[in-house]
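Use the sequences and the hints to build the structure in full.
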Amino acid sequence: MSEHRTTVAGVAVDTRHWIGGQRVASPRTFTDASPIDGAPIGEISRGTADEARAAVAAARAAFPGWAATPRAERARLLHAVADGVEKRTEELANVETVDNGALLRSHRRGVMPRVAHNFRFFADWLLTLEHEDFATRGHTNHVTWDPAGPCVLITPWNAPLMLATWKVAPALAAGNTVVLKPAEWSPLTASLLADIAAEAGLPAGVLNVVQGYGSEVGDALTSHPDVRRISFTGSVPTAQHIAASAAANLTPLSLELGGKSPLLVFADADLDLAVDLAVEQYDNAGQVCLAATRLLVEEAVAEEFTRRFVAKASRLRQGDPREESTDIGPTIHPRQVAKIDGFVRRALAAGARAVIGGHPGDGQYYAPTLLTDVRQDSEIVREEVFGPVLTLQTFTSEDEAVHLANDTRFGLAATLATGDPERAERVTARLVAGTVWVNCFFVRDLKAPFGGSRHSGIGREGGTWSFDFYCDLKNTVTAPKGWKDHG
Numbered sequence: 011m012s013e014h015r016t017t018v019a020g021v022a023v024d025t026r027h028w029i030g031g032q033r034v035a036s037p038r039t040f041t042d043a044s045p046i047d048g049a050p051i052g053e054i055s056r057g058t059a060d061e062a063r064a065a066v067a068a069a070r071a072a073f074p075g076w077a078a079t080p081r082a083e084r085a086r087l088l089h090a091v092a093d094g095v096e097k098r099t100e101e102l103a104n105v106e107t108v109d110n111g112a113l114l115r116s117h118r119r120g121v122m123p124r125v126a127h128n129f130r131f132f133a134d135w136l137l138t139l140e141h142e143d144f145a146t147r148g149h150t151n152h153v154t155w156d157p158a159g160p161c162v163l164i165t166p167w168n169a170p171l172m173l174a175t176w177k178v179a180p181a182l183a184a185g186n187t188v189v190l191k192p193a194e195w196s197p198l199t200a201s202l203l204a205d206i207a208a209e210a211g212l213p214a215g216v217l218n219v220v221q222g223y224g225s226e227v228g229d230a231l232t233s234h235p236d237v238r239r240i241s242f243t244g245s246v247p248t249a250q251h252i253a254a255s256a257a258a259n260l261t262p263l264s265l266e267l268g269g270k271s272p273l274l275v276f277a278d279a280d281l282d283l284a285v286d287l288a289v290e291q292y293d294n295a296g297q298v299c300l301a302a303t304r305l306l307v308e309e310a311v312a313e314e315f316t317r318r319f320v321a322k323a324s325r326l327r328q329g330d331p332r333e334e335s336t337d338i339g340p341t342i343h344p345r346q347v348a349k350i351d352g353f354v355r356r357a358l359a360a361g362a363r364a365v366i367g368g369h370p371g372d373g374q375y376y377a378p379t380l381l382t383d384v385r386q387d388s389e390i391v392r393e394e395v396f397g398p399v400l401t402l403q404t405f406t407s408e409d410e411a412v413h414l415a416n417d418t419r420f421g422l423a424a425t426l427a428t429g430d431p432e433r434a435e436r437v438t439a440r441l442v443a444g445t446v447w448v449n450c451f452f453v454r455d456l457k458a459p460f461g462g463s464r465h466s467g468i469g470r471e472g473g474t475w476s477f478d479f480y481c482d483l484k485n486t487v488t489a490p491k492g493w494k495d496h497g
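So for the sequence shown, the working numbering puts the first residue at 11; every next one is plus one.
What the hints contain is simulated information worked out from the structure, not anything from laboratory work. Accuracy of the hints is not assured; some may be wrong.
Listed below are the simulated DSBU-like cross-link pairs for lysine-lysine, each with C-alpha atoms no more than 30 Å apart in a straight line [unchecked claim]: (1) K97 <-> K322; (2) K457 <-> K484; (3) K322 <-> K349.
These figures come from a predicted structure and were not determined experimentally.
Given below as structure tokens:
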């Protein structure tokens, strides 16, 4: 095997960058390790500002041709990328499971099919994208979406390929070129995506992938004057750094950040459903920005809810994510395990009680945890843990429930369990959140806007909202034939 390739689950993965239609190596590398057992996977090219600038230059050079490509041809090529994803679903699923530790069965049945869908959806949406012309004193207003230019897309490690393609697909569909920077803890499927895009016939420079370790590559990309859009998913502190970097060039940003989302359980709810929703928050070892980590339960049913929750959560099987029977896999990195455990230890020291869990397991596994007796002003309630840790608080009235739910600097999502449709309507109207689920969780349609309020982000993506962000909207006003303004 080449020094620039590694084999993961029988799949050869190139560990170099993809810039201008070519593989580019860096003189330095960083080690990518599997969270399953901590074993090294490969040595990944560690990009510098030079590779970042080269990628932006490649994207800039490819932009005029891609922007001028007819919509139907852009859509055809995106469908070809989706075809490639579908053909390599098993490979992508296996590589991503080893690289980020999420369940193999979920990658096979849900995540990778969704990756292909991301490309197909935006390819099809592109072909129907139009505003109805409207008149102003007889003049015609015609609104169009003009491609903005090179886009920098910085993606997280918790769902690497799906979250990358949520951005890559609409950016390319809009006629932009892309520089994708995957997370350093899970870079491998972005490299495979570059191969798939090239095989599908995407022109050189339209999609570029630059791997980095630390902030060097990211800083060079987000401060580059030729970058026209930046989309980032990740933490609030990193977003603040990116925003400061982009400010000099007034580069528009789309930021999907952290959350501390509530799950409100009212006494009139179907308790079995509510418990199912609560236990579902342990999905992906709790490494989900949308997760409803704050369980707010009406006092009248709190004891019974907790009993049923413990019974169901105790049946979860934690272990190797490649095994079909596993429900919860490992945490992404030893640093993340230490961070989670620090939150829990401080909460316990402050008086919280662990109903289940409250401790790490072997290796990079952290036991699913439920903490009660937590104060509203405590760190464990206020800050995002990003691990399998939930808190439970009680309320006695609808007003108190809404107050507790909204008493946070975040506003990404909220989940509500109630059997009263009128209550659902009242409460959802008062919740501060980009997405509210009623008696369900994680139902995501790409036609709908997605994003957060407050410190959970800036902007919305999905459907036409994605094109609004990735394009410069233009209104062309045309006078009627023979019209003259004598004013």
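Given the hint that K457 pairs with K484, test it: the Cα-Cα distance must not exceed 30 Å. Holds, at about 22 Å.
Taken at face value, is the distance from the CA of K322 to the CA of K97 at most 30 Å? Not satisfied, since the Cα-Cα distance of roughly 37 Å exceeds 30 Å.
If you draw a straight line from the CA of K322 to the CA of K349, is it 30 Å or shorter? Holds, at roughly 26 Å.
Against the hints set out earlier in the document, a violation occurs for number 1 only.
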